[in-house]
Amino acid sequence: MNEAEISVKPRRTHRHALTEQEKAYIKSFADPETGTIPFFLYLKALTDIANQKAEV
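Anchor point for the sequence shown: position 25 equals 24 in numbering that gives the first Met the number 0, and the numbering is continuous, going up by one each time.
Derived by calculation from the structure, the hints in this document are not laboratory data.
Heads up, simulated PhoX-like pairs for lysine-lysine below, C-alpha to C-alpha not over 25 Å straight-line:
| # | residue 1 | residue 2 |
| --- | --- | --- |
| 1 | Lys22 | Lys43 |
| 2 | Lys22 | Lys52 |
| 3 | Lys26 | Lys43 |
| 4 | Lys26 | Lys52 |
Based on the provided sequences and hints, a complete structural model is requested.
Dropping the structure here:
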């Protein structure tokens, strides 16, 4: 019987951990009354952090 070879590609399961300073930066966008962060501001904060890391 012929068996087909199964190709398994490794998944990218690692995540880039944020530093405490980066977490504080993201939290600075939170609404003081509710503590929530609008999604577009969350994305802006992550983009700023990624751009900052890319410059280094």
